[in-house]
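Number of protein chains: 2
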Amino acid sequence: MEILKNKILTDGIVKSGEILKVDNFLNHQIDVTLLNEIGKEFKRRFNDIEVDKILTIESSGIAIAVIASQYFDNIPVVFAKKQESTNLDAQVYKTKVFSYTKNKEYNIMVSKRYISKGEKVLIIDDFLAKGGAVLGLYDILEQAGAELIGVGIVIEKSYQDGSVILKEKGVRVESLACIESLKNKMIRFK
Amino acid sequence: MEILKNKILTDGIVKSGEILKVDNFLNHQIDVTLLNEIGKEFKRRFNDIEVDKILTIESSGIAIAVIASQYFDNIPVVFAKKQESTNLDAQVYKTKVFSYTKNKEYNIMVSKRYISKGEKVLIIDDFLAKGGAVLGLYDILEQAGAELIGVGIVIEKSYQDGSVILKEKGVRVESLACIESLKNKMIRFK
Numbered sequence: 184m185e186i187l188k189n190k191i192l193t194d195g196i197v198k199s200g201e202i203l204k205v206d207n208f209l210n211h212q213i214d215v216t217l218l219n220e221i222g223k224e225f226k227r228r229f230n231d232i233e234v235d236k237i238l239t240i241e242s243s244g245i246a247i248a249v250i251a252s253q254y255f256d257n258i259p260v261v262f263a264k265k266q267e268s269t270n271l272d273a274q275v276y277k278t279k280v281f282s283y284t285k286n287k288e289y290n291i292m293v294s295k296r297y298i299s300k301g302e303k304v305l306i307i308d309d310f311l312a313k314g315g316a317v318l319g320l321y322d323i324l325e326q327a328g329a330e331l332i333g334v335g336i337v338i339e340k341s342y343q344d345g346s347v348i349l350k351e352k353g354v355r356v357e358s359l360a361c362i363e364s365l366k367n368k369m370i371r372f373k
Numbered sequence: 184m185e186i187l188k189n190k191i192l193t194d195g196i197v198k199s200g201e202i203l204k205v206d207n208f209l210n211h212q213i214d215v216t217l218l219n220e221i222g223k224e225f226k227r228r229f230n231d232i233e234v235d236k237i238l239t240i241e242s243s244g245i246a247i248a249v250i251a252s253q254y255f256d257n258i259p260v261v262f263a264k265k266q267e268s269t270n271l272d273a274q275v276y277k278t279k280v281f282s283y284t285k286n287k288e289y290n291i292m293v294s295k296r297y298i299s300k301g302e303k304v305l306i307i308d309d310f311l312a313k314g315g316a317v318l319g320l321y322d323i324l325e326q327a328g329a330e331l332i333g334v335g336i337v338i339e340k341s342y343q344d345g346s347v348i349l350k351e352k353g354v355r356v357e358s359l360a361c362i363e364s365l366k367n368k369m370i371r372f373k
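If you read the protein sequences in the order shown, they are chains A and B. Mapping of the first sequence onto the working numbering: position 159 corresponds to residue 342, and the numbering continues sequentially without gaps. Mapping of the second sequence onto the working numbering: position 143 corresponds to residue 326, and the numbering continues sequentially without gaps.
Hint data in this document are derived by calculation from the structure and do not stem from the laboratory. Among the hints, erroneous ones may be present.
It does not matter which identical chain is used: a pair holds within one copy or between any two.
Each computed DSSO-like pair below joins lysine-lysine, with the alpha-carbon atoms no more than 30 Å apart [as the list claims (entries may be wrong)]:
#, residue 1, residue 2
1, Lys198, Lys277
2, Lys223, Lys287
3, Lys368, Lys264
4, Lys264, Lys190
Kindly produce the complete structure, drawing on both the sequences and the hints.
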């Protein structure tokens, strides 16, 4: 997706530790025009399948998911919440996610009311690196007996193994920009 | 806004402590069709003024703000981040917000890159009760020298004083559904 790659090249900032900051258009300030292009592209890529619901995770997945929903007949969006581990609400599906960026484990949860058995769910998120967040969302879908029909990612760090792990599990992953390397603070796409 | 009030009546749940849960369409699962109606209504109410940017706060403000932006010529959306108080980044505007719902104080921050002096900013959020979050966002705009041109709220708890405090400061507040009382777990609009 050229418009996205160009935006990453012009506005993305590579920090030490191979961290790519896209605060300027995706994660803090949001470019709504670009998000609409991203939503259209997800629809184009998943046009062959039926989707009942989009699942994402707070905070940075929310904007992407709701704009994308508009290209999937305004299907409901559910976002998993991050929470302290002390909450023991029986009415939620919950799982643990390890964040390598923040170097800590946290819980994510989705109310049992909002994911149902047999629902066809598309996961959408901003980044895919080692796959922690998406694997957590997948676990929640399995607990609910829902069907993961695909994963739509805006930026994939293809030099990390999240995408490979998901594909080995038979999950369809569509990433709109695949980064091969961030070495020497240079952004190189696959 | 009748469609919104009807949705609150049919899908809202009043919990003890006068807490209104709208998880089913606004805060956890998101009704994108309704959000588009909300966005249109914000535009109708603020149609007479120029807006450069929309400011909101994670997580529940994000979906509302990005969908609304589409009715304001896709202007950029910035969301304030909640963070631990240990971060001492000089590149951010930051302030403290007290959450009465969670009974704790937290910091919110916005990168200095994304709010500029003289910008005309519309604040959008899901709830207005005692006004903590909106007053925090207003403080950040004042630090930046930006102009608060109005506040758009989906659900106002009019029996609490947030709206009055803002109006006394000369701030224009447009709330799409104003709740007069949640006593005895009954939702009564103004």
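We went through each hint and held it up to the structure:
1. Lys198 x Lys277: Answer is between; shortest inter-copy Cα gap is 22 Å, intra-copy 32 Å.
2. Lys223 x Lys287: Intra 34 Å, inter 40 Å, cutoff 30 Å: neither.
3. Lys368 x Lys264: between (32 Å within a copy, 26 Å between copies)
4. Lys264 x Lys190: Cα proximity of Lys264 and Lys190: in one copy and across copies (29 Å, 23 Å).
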